[in-house]
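J.: The residues making up each chain are set out below.
2 protein chains.
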Amino acid sequence: MFKRRGIMLILSSPSGAGKTSISRTIMQQDDNIKLSVSVTTRPKRANEVDGVDYHFRSVDDFKHLVERGEMLEWAEVHGNYYGTPKAQIQDQLEAGTDVLFDIDYQGALQLYENCADDIVGIFVLPPSIKELKHRLERRADDNAEVINRRLKTARKELKAWEKYDYIIVNNDLGESCKTVSEIISAARIHSSRQADLPQFIKGLQEELESIIE
Amino acid sequence: MFKRRGIMLILSSPSGAGKTSISRTIMQQDDNIKLSVSVTTRPKRANEVDGVDYHFRSVDDFKHLVERGEMLEWAEVHGNYYGTPKAQIQDQLEAGTDVLFDIDYQGALQLYENCADDIVGIFVLPPSIKELKHRLERRADDNAEVINRRLKTARKELKAWEKYDYIIVNNDLGESCKTVSEIISAARIHSSRQADLPQFIKGLQEELESIIE
Numbered sequence: 000m001f002k003r004r005g006i007m008l009i010l011s012s013p014s015g016a017g018k019t020s021i022s023r024t025i026m027q028q029d030d031n032i033k034l035s036v037s038v039t040t041r042p043k044r045a046n047e048v049d050g051v052d053y054h055f056r057s058v059d060d061f062k063h064l065v066e067r068g069e070m071l072e073w074a075e076v077h078g079n080y081y082g083t084p085k086a087q088i089q090d091q092l093e094a095g096t097d098v099l100f101d102i103d104y105q106g107a108l109q110l111y112e113n114c115a116d117d118i119v120g121i122f123v124l125p126p127s128i129k130e131l132k133h134r135l136e137r138r139a140d141d142n143a144e145v146i147n148r149r150l151k152t153a154r155k156e157l158k159a160w161e162k163y164d165y166i167i168v169n170n171d172l173g174e175s176c177k178t179v180s181e182i183i184s185a186a187r188i189h190s191s192r193q194a195d196l197p198q199f200i201k202g203l204q205e206e207l208e209s210i211i212e
Numbered sequence: 000m001f002k003r004r005g006i007m008l009i010l011s012s013p014s015g016a017g018k019t020s021i022s023r024t025i026m027q028q029d030d031n032i033k034l035s036v037s038v039t040t041r042p043k044r045a046n047e048v049d050g051v052d053y054h055f056r057s058v059d060d061f062k063h064l065v066e067r068g069e070m071l072e073w074a075e076v077h078g079n080y081y082g083t084p085k086a087q088i089q090d091q092l093e094a095g096t097d098v099l100f101d102i103d104y105q106g107a108l109q110l111y112e113n114c115a116d117d118i119v120g121i122f123v124l125p126p127s128i129k130e131l132k133h134r135l136e137r138r139a140d141d142n143a144e145v146i147n148r149r150l151k152t153a154r155k156e157l158k159a160w161e162k163y164d165y166i167i168v169n170n171d172l173g174e175s176c177k178t179v180s181e182i183i184s185a186a187r188i189h190s191s192r193q194a195d196l197p198q199f200i201k202g203l204q205e206e207l208e209s210i211i212e
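As you go down the protein sequences, you meet chains V and P in turn. For what it's worth, numbering that gives the first Met the number 0 labels the leading residue of the first sequence as 0, then goes sequentially. For what it's worth, numbering that gives the first Met the number 0 labels the leading residue of the second sequence as 0, then goes sequentially.
Because the hints were derived from the structure by calculation, they are not lab data. One thing to keep in mind: the hints can contain errors.
For chains that are exact copies, the list does not tell them apart, and a pair is met inside one copy or across any two.
[Claimed, not checked] The calculated lysine-lysine pairs, modelled on PhoX-like cross-linking and capped at a C-alpha distance of 20 Å, are: (1) Lys43 <-> Lys177; (2) Lys155 <-> Lys129; (3) Lys155 <-> Lys43; (4) Lys158 <-> Lys62; (5) Lys162 <-> Lys132; (6) Lys43 <-> Lys162; (7) Lys158 <-> Lys177; (8) Lys2 <-> Lys33; (9) Lys158 <-> Lys129; (10) Lys2 <-> Lys151; (11) Lys43 <-> Lys62; (12) Lys162 <-> Lys201.
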């Protein structure tokens, strides 16, 4: 009913727990959620579009953005920089657009530090590590070494769960997506996000003063 | 999936805004929510059952409960005492039962002070004061003086809105109940309420240690 502020929806999980499938389904079902577009210094691939897949920038430009405090979070991965531009996210939130972050726990923790009030963070867990390993093995492109590396990363990721608002154990993709939808529905109507609410209450109060005998 | 802690669901609203209709519908739809049973010193009516409608106690007993800190909130209304017994609510929450409080803003503020982490507070507003007055006038038993008194109370109640987690403008009973259901669904899976979650994560971590090469 009211003009509302958008949500920063964070989805994190160990690799193989199902985060990407959940994001994809949620994005398909819900027109008001946009995927966050990161800034990166890595070279653009042939099938990528600047401003859609990433904002491609030079290393110098990237460093200037960081120095000027214009990144909500950033990291260096294999020699390339990746980050979330503050101005773009603020514009989207103010326009009432929800922004989805498919991001690892280190990025999530930086976002929580900088914009806690806007965040709804969901951590997706596998039902068991055995199941997680099976899912990784079913991905044709991952060999034993890659899988072992992913499991070592999962060790660090699992320690971060307490920071998240919601934990979903992904037993069933449909059920997990339904849960995420319910979380989003409730978050959208939280009073802190109803930008026009103070004005509406003031209107009721004025009407009340004019009517009381 | 996990054993969870119950929610203290608070519904408040100015008289006539629709809180009682919403509570009734929610109670009918959801078997896991129980209405909070207050302690009172007022005399039991013929159709009331001790322990079901209220816990009927003497004034001395009531005062002892307050002195011993066994009331989460209490108030004196027209010479009678009413209060919420701490032990009973704690037992229900620990058993995973959600407890609904159909309570005014003064009681709600006391509950927020004493058990903020367990509370999901919803404030129900009328679409307009004109509509609120119409609804009060349609109640056959309220005369002009009673209605004016209720509007004066609404003046105080409206000031308390900022304390609540969610504000619902009750334009349509069905829509409002759906919104309350979504709020409850999300609150139930908040990580702070998943009592067995730390144990589950610990299990995943141990499994991970046994599998990493």
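J.: Against each hint, give a clear statement of whether it holds in the structure.
T.: Against the structure, the hints:
no.	hint	verdict
1	Lys43 <-> Lys177	neither (35 Å within a copy, 46 Å between copies)
2	Lys155 <-> Lys129	within (17 Å within a copy, 57 Å between copies)
3	Lys155 <-> Lys43	neither (30 Å within a copy, 59 Å between copies)
4	Lys158 <-> Lys62	neither (30 Å within a copy, 47 Å between copies)
5	Lys162 <-> Lys132	neither (25 Å within a copy, 46 Å between copies)
6	Lys43 <-> Lys162	neither (33 Å within a copy, 48 Å between copies)
7	Lys158 <-> Lys177	neither (26 Å within a copy, 36 Å between copies)
8	Lys2 <-> Lys33	within (18 Å within a copy, 34 Å between copies)
9	Lys158 <-> Lys129	within (18 Å within a copy, 54 Å between copies)
10	Lys2 <-> Lys151	neither (44 Å within a copy, 29 Å between copies)
11	Lys43 <-> Lys62	within (18 Å within a copy, 73 Å between copies)
12	Lys162 <-> Lys201	between (36 Å within a copy, 16 Å between copies)
Of the numbered hints stated above, those contradicted by the structure are hints 1, 3, 4, 5, 6, 7 and 10, listed in ascending order.
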